[in-house]
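Peer 1: One-letter residues, chain by chain:
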Amino acid sequence: MSMSMRKKRAIGGLVTYLMVIAAYLVCQYLLATGGMTRSLRGQLVPICVWVVMAVSLNLVVGVSGELSLGHAGFMSVGAFSGIVASGWMLGAFQLENEVVRLLLSMIVGGVFAGIAGVLIGIPVLRLRGDYLAIVTLAFGEIIRNVINCLYISIDQGRLHFAFNDSNIPGELLVSGPKGGVGIDTIATFGMGFTLILFTLFVVQNLVNSRSGRAIMATRDSRIAAESVGINITKYKMMAFVTSAVLAGMAGALYGLNFSTVAASKFKFDTSILVLVFVVLGGIGSIRGSIIAATLLTILPEVLRAFSDYRMLVYAVVLIVVMLATNSPFLSVRLQRVKALLRRRNTNPGKEGEAA
Amino acid sequence: MTQQHKRQSDTKMVPVPSHSIVPERDVDKRPVLETRHLGVEFGGLKAVEDFNLTIGQTEIAGLIGPNGAGKTTVFNLLTKVYQPTTGVVILDGKDTAGMNAVQANKLGIARTFQNIRLFGNMTVEENVRIGLHNQVKYGMFSGIFRLPAYWKQEKKQHEKALELLSIFDMQGMAQYRAGSLPYGAQRRLEIVRALATHPKLLLLDEPAAGMNPHETEELMENIIKIRDRFQIAVMLIEHDMNLVMGICEGICVLNYGRIIAKGTASEIQQNPTVIEAYLGKRKEGRA
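So the protein sequences, as listed, match chains A and B.
Sequential numbering of the first sequence, starting at 1, is according to the numbering used here.
Sequential numbering of the second sequence, starting at 1, is according to the numbering used here.
Chain A with its partners taken away, still in its complex shape:
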């Protein structure tokens, strides 16, 4: 009795939603009963942000098959445009409703990151493989350096922009290397959870549609996809920009979660961090990305004493994973373990006996 792949995939998507909802409910329960430490409570919004970042990067790396190393750049565009949008809405329109302001700021963050995605995508998606990775890396750094010099202030409801010059009238919203300052921290765990659901909805529905199949076709065989009339650049662009929009929304949520956010938060390390989530969770596996992002965000908090070595551990883990997946010695053993597990799974009777 083999289930059709289509059905299996639909159930898989549903399981992912349920997993996220269950995790949210558990967190809410712990929050209500006071079973959550202060430091962990502070990590709730960041966890949501990293989950969205990982799932959105998976759309580029896993689904469209291009290695992008500049994902933090889109996050930073989203973060700072979100911070400015929130400050502007408060200053110019006295929009006090935090939920509406947060939602609109996230949309603004997504739109700006999407525009950045289009502008970067046009030159970058002409390249393939390693070259694409290198250029996205460079663009991520360029975005960070541009924001590092950017000053934005609000004076009587009007925004002022300056480059490398802090002498602008009014109250600073973005202050060059210091980044966003005096931010009204309106991000909430509930909105983070909603954003995860929205991201899952967008990515899973996209993958299971005509456009998603075209994106995967360009990944699996460029020549075959072209031979059936699929415009490669268009669909690579679609994945890239959708991913940038989601990263921008996550960035806005992240920016509005802290009272100050510097542009240096979104450097190359951050792009690699998100890539690590994707690689460890399994390239192309959305559920894997969610789990990896959650665990790897919580772990450093739990093991605070070792957090200095975090990047070291990441490097080691990445190298080990690469070796393990490429080594014939290990892959043979891994397959044997997998086969063993599968046999056990299909034989519930035996398992019962063992128990």
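To be clear, the hints were calculated from the coordinates, so they are not data collected in a lab.
Be careful, since some hints might not be right.
[Unchecked claim] Derived DEER-like restraints, expressed as beta-carbon distance ranges:
#, chain 1, residue 1, chain 2, residue 2, range
1, B, K225, A, G129, 38 to 48 Å
2, A, L14, B, D10, 51 to 61 Å
3, A, L197, B, T85, 53 to 63 Å
4, A, K338, B, G210, 53 to 63 Å
5, A, K7, B, S266, 49 to 59 Å
[Unchecked claim] Simulated coverage check for chain B against chain A, where a stretch passes if three residues somewhere in it have a Cβ under 8 Å from a Cβ of chain A:
#, stretch
6, 111-120
7, 191-199
8, 213-221
9, 259-268
Idealized CB from N, CA, C, for every residue including glycine.
Start from chain A and add chain B according to the hints.
Peer 2: Only chain B this time, still in chain A's reference frame:
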């Protein structure tokens, strides 16, 4: 319509101005493909040179030649995977100069590959659906937000995909992983995927490779069935001489990138140049 091609095609072939022959039934219609002095060079090496060919609207044409003669290169030129260095490719009356592979496909040329290029991790049906990409459309937003267009067109894609799969009696395999199919079925699926793009000219690169004689026999009947049903032209590269001589109406022989002979099956079999270059130095040229 020609019905029986059991052993050898009996279509009457007539000459056309471009030093080619097309089936008599197609002579008044615009040829589906015309190439003039087509050639491509790779760093000074002339892989294909002075390739002139006309294919009638419902012709089944064969392209044969020894290994390395440039047959697949011709396919790559026709489908615009390579840009020709000389000459023109006219597809259904339109010059394809400057077009890319996607535009050529939209103009009505579809192909299969010598080394199968299916989307192995997707299902059989999804492979056909990808072929239907430009036939049954809806936008990205309809897909993400599951608007009515999504449901309507997905249903249409599903029905069309199954209908196309039924040509080869493959509806039952629709939900299998394409990469898990046996070799022959993968070749057939590639043909279905190419057909899904609604071509006017179908290029088959060694469709019978790896098939047993029984499967090959079935494939021959199916190629004729496809031609009759969709009223399209088929051009195939094949080393199986039973298949080529059995169903191809016009045959073109390539050696060292040049056409050395054009004609019907019986003409080719008796052509001394072909016998020497392709079938070896023998008195009787039946392979």
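Peer 1: Now tell me, hint by hint, if it's right for this structure.
Peer 2: Outcome of the hint check:
1. Our hint of 38 to 48 Å for B:K225 and A:G129 holds, since their Cβ atoms are close to 42 Å apart.
2. Here the CB-CB span from A:L14 to B:D10 is close to 59 Å, well matched to the stated 51 to 61 Å.
3. At about 55 Å, the beta-carbon gap between A:L197 and B:T85 stays in the expected band of 53 to 63 Å.
4. In this structure the hint that A:K338 and B:G210 lie 53 to 63 Å apart at CB is violated, the actual value being about 30 Å.
5. Remark: the range hint 49 to 59 Å for A:K7 to B:S266 is upheld by a beta-carbon distance near 54 Å.
6. With 6 residues having a beta carbon nearer than 8 Å to a beta carbon of chain A, the stretch 111-120 of chain B meets the requirement of three or more and the stated coverage holds.
7. Restraint check on the stretch 191-199 of chain B versus chain A: 4 residues with Cβ-Cβ distances below 8 Å, three needed, restraint holds.
8. Check on the stretch 213-221 of chain B: 0 of its residues sit with their Cβ under 8 Å from a Cβ of chain A, so the three-residue criterion for coverage is violated.
9. For the stretch 259-268 of chain B, the assignment as covered by chain A is violated, since 0 residues bring a beta-carbon within under 8 Å of that chain's beta-carbons and 3 are needed.
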